[in-house]
Amino acid sequence: MTINNELDAVSGSWDEHSMASERHDQTSPAEFQVAQAASTQQAAPAAAEPVPVDVGSGAPAEAPAEAKAQAAAAPHEYVADAGNVVKLPANVSIDNIKVDGHNLVLEQADGSVIVIKDGALNVPTFVLGDVEVPRVALIAALEASHVDVAFGADGSMSAGPGGSTSSAGGNFEIPPGGIGDGFDLSALLPPTDLQFGQAERRELFLPNANPEFGDLTVRVSEEGLSGANPDGDPGSPFDESNLSVINGSFGATDPNGDPLTYGLGVPATTLTSHGTDVVWELVDSTHLVGRVGSDVVISVTITDASTGTFQIALLGPLDHPLAGFEDDLSIVVPVTVQDPFGGSATANMTVIVEDDSPALTVGNTAASSAVLDETNAGSPAGFPIDVTSANPIISVASNFGADGAAAGGGIAYTLGLTGNVASLDSGLKTAIGDFAITLQQTNATTVTGIYQNGGTHTAFTIVINGNGTLTVTQYAPLEHTVDGSSAAAHDDVLTLSGKITASVTVTDFDGDSAFGGAQIGGAIQFHDDGPLVTVVADAGAVVSLDETQALSMAAAINTGTIVKGDDPDIGGTGAITSGTSNGALVNVTALFGGDGPAASTATVYQLSVTNAVSGLTVTDGSTITLQTLANGVVVGVVQGGAFKGEAAFALSIDPATGKVTVEQYLSLHHSDTGNPDDTVALTAGSLAVKVTITDSDGDSASASADVSGQISFDDDGPKVTAVAATGVTVALDETATT
Numbered sequence: 001m002t003i004n005n006e007l008d009a010v011s012g013s014w015d016e017h018s019m020a021s022e023r024h025d026q027t028s029p030a031e032f033q034v035a036q037a038a039s040t041q042q043a044a045p046a047a048a049e050p051v052p053v054d055v056g057s058g059a060p061a062e063a064p065a066e067a068k069a070q071a072a073a074a075p076h077e078y079v080a081d082a083g084n085v086v087k088l089p090a091n092v093s094i095d096n097i098k099v100d101g102h103n104l105v106l107e108q109a110d111g112s113v114i115v116i117k118d119g120a121l122n123v124p125t126f127v128l129g130d131v132e133v134p135r136v137a138l139i140a141a142l143e144a145s146h147v148d149v150a151f152g153a154d155g156s157m158s159a160g161p162g163g164s165t166s167s168a169g170g171n172f173e174i175p176p177g178g179i180g181d182g183f184d185l186s187a188l189l190p191p192t193d194l195q196f197g198q199a200e201r202r203e204l205f206l207p208n209a210n211p212e213f214g215d216l217t218v219r220v221s222e223e224g225l226s227g228a229n230p231d232g233d234p235g236s237p238f239d240e241s242n243l244s245v246i247n248g249s250f251g252a253t254d255p256n257g258d259p260l261t262y263g264l265g266v267p268a269t270t271l272t273s274h275g276t277d278v279v280w281e282l283v284d285s286t287h288l289v290g291r292v293g294s295d296v297v298i299s300v301t302i303t304d305a306s307t308g309t310f311q312i313a314l315l316g317p318l319d320h321p322l323a324g325f326e327d328d329l330s331i332v333v334p335v336t337v338q339d340p341f342g343g344s345a346t347a348n349m350t351v352i353v354e355d356d357s358p359a360l361t362v363g364n365t366a367a368s369s370a371v372l373d374e375t376n377a378g379s380p381a382g383f384p385i386d387v388t389s390a391n392p393i394i395s396v397a398s399n400f401g402a403d404g405a406a407a408g409g410g411i412a413y414t415l416g417l418t419g420n421v422a423s424l425d426s427g428l429k430t431a432i433g434d435f436a437i438t439l440q441q442t443n444a445t446t447v448t449g450i451y452q453n454g455g456t457h458t459a460f461t462i463v464i465n466g467n468g469t470l471t472v473t474q475y476a477p478l479e480h481t482v483d484g485s486s487a488a489a490h491d492d493v494l495t496l497s498g499k500i501t502a503s504v505t506v507t508d509f510d511g512d513s514a515f516g517g518a519q520i521g522g523a524i525q526f527h528d529d530g531p532l533v534t535v536v537a538d539a540g541a542v543v544s545l546d547e548t549q550a551l552s553m554a555a556a557i558n559t560g561t562i563v564k565g566d567d568p569d570i571g572g573t574g575a576i577t578s579g580t581s582n583g584a585l586v587n588v589t590a591l592f593g594g595d596g597p598a599a600s601t602a603t604v605y606q607l608s609v610t611n612a613v614s615g616l617t618v619t620d621g622s623t624i625t626l627q628t629l630a631n632g633v634v635v636g637v638v639q640g641g642a643f644k645g646e647a648a649f650a651l652s653i654d655p656a657t658g659k660v661t662v663e664q665y666l667s668l669h670h671s672d673t674g675n676p677d678d679t680v681a682l683t684a685g686s687l688a689v690k691v692t693i694t695d696s697d698g699d700s701a702s703a704s705a706d707v708s709g710q711i712s713f714d715d716d717g718p719k720v721t722a723v724a725a726t727g728v729t730v731a732l733d734e735t736a737t738t
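Each step along the sequence shown adds one to the number in the numbering used here, with nothing skipped, and position 622 is 622.
Simulated from the structure, these hints should not be mistaken for lab results.
Cβ coordinates follow ideal geometry from the N, Cα and C atoms, glycine included.
Take the hints with a grain of salt, since some may be wrong.
Each pair of labels, with its calculated beta carbon distance range [what the hints assert, rightly or not]:
#	residue 1	residue 2	range
1	Ser-226	Ser-497	34 to 44 Å
2	Val-332	Ser-306	23 to 33 Å
3	Ser-226	Val-332	21 to 31 Å
4	Gly-382	Gly-560	43 to 53 Å
5	Ala-153	Lys-87	22 to 32 Å
6	Thr-346	Val-79	42 to 52 Å
7	Asp-95	Asp-304	44 to 54 Å
8	Asp-110	Ser-156	30 to 40 Å
9	Gln-639	Gly-382	51 to 61 Å
10	Asp-284	Ala-153	29 to 39 Å
11	Ser-226	Val-279	18 to 28 Å
12	Asn-582	Gly-560	26 to 36 Å
13	Val-279	Val-85	55 to 65 Å
14	Gly-248	Asn-122	39 to 49 Å
All chains should be built: construct the whole structure from the sequences, respecting the hints.
This is the structure in C-alpha cells:
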C-alpha cells in the first residue's frame with residue numbers, strides 16, 4: 001500500500017528560533033530572526049534535508065524538471081572550525097548570500113554555490129585566503145543580499161531571509177514519491193534512524209546587563225577665582241582653562257535600555273589649601289564637598305541624577321605640588337550608576353585643577369636713587385660714608401593671584417651684575433693711587449667694589465634690602481673725571497650705569513613664582529667733593545730791602561728778556577740789594593675734603609699782580625709798573641727816562657713754601673727829604689700771593705691775599721765827613737786905610 005507523508009502529524013521543536021521577552025512589552029536587542037520558506041518559493045534541497053526514495057526500488061524518486069534544473073552545479077560545502085571561523089578560497093565572492101535552512105549559501109558569478117554548513121544559525125567569521133573579512137563588512141554584505149541579521153546576548157549572529165516568515169527552509173513543493181506496498185521495514189533500521197534529531201535549546205530570555213560606564217576627565221582652574229591671574233594664552237603646558245566652574249554629563253548607557261541613576265563617592269585624594277588639610281564630606285549621594293574648616297573650597301554636584309548631568313565648582317585655591325610654575329593636581333571622584341534591576345557600574349571622574357601663578361611688572365623708579373657725596377666724609381677724609389635710598393630702587397606691581405602670597409610676604413629682592421657674571425669692571429678708580437675697581441658678586445643681595453693695593457681692599461658695597469631699598473657704603477674716595485676749581489668740577493658725578501641689575505621674585509602660597517628685573521646702575525651716584533682754601537696775609541712776614549750798599553751783588557732772579565738795571569751810583573753790576581721772607585707772606589687754611597690732598601703739589605703758592613701800577617719811581621722820577629713773567633716772576637719795569645724798559649726790581653716766590661725773594665737793581669725815589677732812611681712800599685692792592693690746593697682726584701681751590709705792603713724798600717741818605725785842611729788859611733789884616 002502507499003503511505004503518504006502526513007506533515008501536520010509531524011511535530012518539531014523550533015524553540016531555538018523564537019524568543020519570549022521577560023520584560024513585558026520590551027523587545028530584547030538579542031532577539032533572533034527565524035527564516036520560513038514562502039509557499040511559492042522554489043528552493044534547492046538543503047544539504048541536511050531527506051531525499052525522497054522509491055520504497056520499492058530504493059532509488060531516489062525523480063524530482064520534477066524544475067527541481068532538476070536548479071541542481072545543475074554541485075555545491076561546495078564548508079564547515080566552520082571550533083572557533084567559528086570558516087576559511088574559503090581567496091576568489092570566493094560574498095556579494096550574493098542566501099539563507100537555506102540552517103545553512104548560508106554563497107552564490108558565485110559563474111552559477112556555482114558554496115554552502116556554509118549551519119552558517120545561518122551562528123554566522124561564522126569569514127577568512128578569504130589569508131584575509132579576514134571584518135565583521136562590519138560581513139554584516140553589510142548580508143544586508144545587501146536582503147538577509148536579516150539578529151544578534152545574541154553573547155555577540156553571536158544568526159541570519160534569515162529578509163521579509164520571510166518563520167521557516168526551517170524546507171521546500172514542500174516536491175510531491176512525495178510512492179513507497180510501494182506497505183510492509184514492516186522498521187526492523188531493518190535502527191530505531192533512531194526514523195527519529196528527528198533533538199534541536200539545541202538556547203536561553204531565549206537574556207539576563208539583566210550592567211550599565212556601561214567609562215572613566216572621564218574634566219578640568220577647572222584657579223584662574224577663574226576672584227583675584228586670580230587668568231592667562232590670555234596658556235601659561236604652561238598644563239594650562240588649558242580659565243574656568244573655575246564647569247558643567248558636564250557622565251554619559252553612561254544601559255544595554256537593556258533601562259533608566260539609570262547616578263551617585264557620588266568620596267575621593268581618596270589628599271589635598272591642602274593654604275597648608276590646611278581639605279576634609280571631604282559626602283552631603284548626600286549627589287553632593288560632595290571639600291572643606292577647610294567651615295569654608296568649602298571645592299564642590300561636586302550631580303544636578304540631575306537620572307540624566308547624569310553634573311557641576312564642579314572650585315571655590316578656593318588648592319596647594320599644588322610643584323613649585324615655580326603653574327602645574328596640575330588631580331582629584332579622583334568615584335561615580336556609581338545603577339539600573340532598576342540591580343545592574344551597576346562604577347567609573348572614576350578625574351577632576352584636574354589647574355594652578356594659578358603670580359603676575360609681576362617691574363620698572364625703573366626714577367624718583368629713587370642712592371646718592372653719596374664725598375663732602376660728607378669731611379676733611380680730612382672721614383670714610384666710610386653711607387646712604388640708603390628713600391624708596392625701593394625698582395618699582396614693583398604684583399598680584400599673587402588665587403593662591404595669595406607665600407609666608408613672609410612672598411617678595412624677595414636680589415642684586416646682580418649685568419650678564420649674570422661673577423665679576424665685572426666697574427670703570428671706576430680710587431682717587432688715591434688710581435687703582436681700578438672691580439665689581440664682585442658677594443651674595444644674592446650684595447655687590448662689592450674691590451681694588452688691589454698690596455692686598456684686596458673694599459672701595460664700596462651695594463646692598464639691596466628686604467623692602468627693596470638700596471644701601472651704598474663708600475670706604476675710599478673715588479677718582480672723578482672732571483678736574484678743576486669750578487663748582488661743577490667739585491660736584492661731578494660717577495655712576496655704575498649699565499653695570500648692576502636689581503631683580504624681584506614674587507612667590508605665591510604653593511610656591512609658584514614670577515620674576516622680573518631692571519637696570520639700576522644709573523641710580524647709584526657718587527658725587528665729588530671739592531677742596532676749600534682760605535688765605536690771609538701774615539703781617540709779621542715781610543721782605544724789606546735797604547739801598548744802603550756800597551757794592552752790587554750777584555742777581556739770582558731770572559727776569560727773562562727784561563734787562564736788569566745797573567745803578568751808576570753803586571759800584572759793580574748786579575743787584576743793589578736782595579732779601580727773602582722768613583716764611584710765607586700768607587697764612588693758609590686748606591680743606592681737601594673726602595678726597596684728601598693730592599699726592600704731590602697739593603698746595604701751590606704764586607705771585608699775582610692785581611694792579612700793574614706799583615706806585616714807585618726811580619730817582620729820575622720815571623714810573624715803575626709791575627709785570628708777571630711766564631715763570632711766575634714779577635718784575636718792576638721802568639717806563640721812561642734813561643732806564644726805560646729795564647728792571648728796577650724783581651720778585652719771586654717758592655711755590656712750595658710761599659717764601660718771597662726780592663732783588664733791587666735801581667735806586668728808588670724816596671719822597672721824605674728830611675729822612676735819609678725813609679721807606680717806600682708797593683701800592684696797596686698791586687701784588688697778591690695766590691694759593692691753590694688740589695685734592696686727590698684733581699679738584700682744586702684757590703684763594704689770594706694782598707701782600708703789597710709787605711714788600712718795602714728803605715732809603716739810602718747822603719753821608720758827609722769834615723776834616724781840617726792843612727796849609728790853607730784865611731788871614732785878615734786890621735790895618736785900615738783912610
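Each hint tested on the structure:
| no. | hint | result |
| --- | --- | --- |
| 1 | Ser-226 <-> Ser-497: 34 to 44 Å | 42 Å, holds |
| 2 | Val-332 <-> Ser-306: 23 to 33 Å | 24 Å, holds |
| 3 | Ser-226 <-> Val-332: 21 to 31 Å | 27 Å, holds |
| 4 | Gly-382 <-> Gly-560: 43 to 53 Å | 46 Å, holds |
| 5 | Ala-153 <-> Lys-87: 22 to 32 Å | 27 Å, holds |
| 6 | Thr-346 <-> Val-79: 42 to 52 Å | 43 Å, holds |
| 7 | Asp-95 <-> Asp-304: 44 to 54 Å | 49 Å, holds |
| 8 | Asp-110 <-> Ser-156: 30 to 40 Å | 32 Å, holds |
| 9 | Gln-639 <-> Gly-382: 51 to 61 Å | 54 Å, holds |
| 10 | Asp-284 <-> Ala-153: 29 to 39 Å | 36 Å, holds |
| 11 | Ser-226 <-> Val-279: 18 to 28 Å | 23 Å, holds |
| 12 | Asn-582 <-> Gly-560: 26 to 36 Å | 27 Å, holds |
| 13 | Val-279 <-> Val-85: 55 to 65 Å | 57 Å, holds |
| 14 | Gly-248 <-> Asn-122: 39 to 49 Å | 41 Å, holds |
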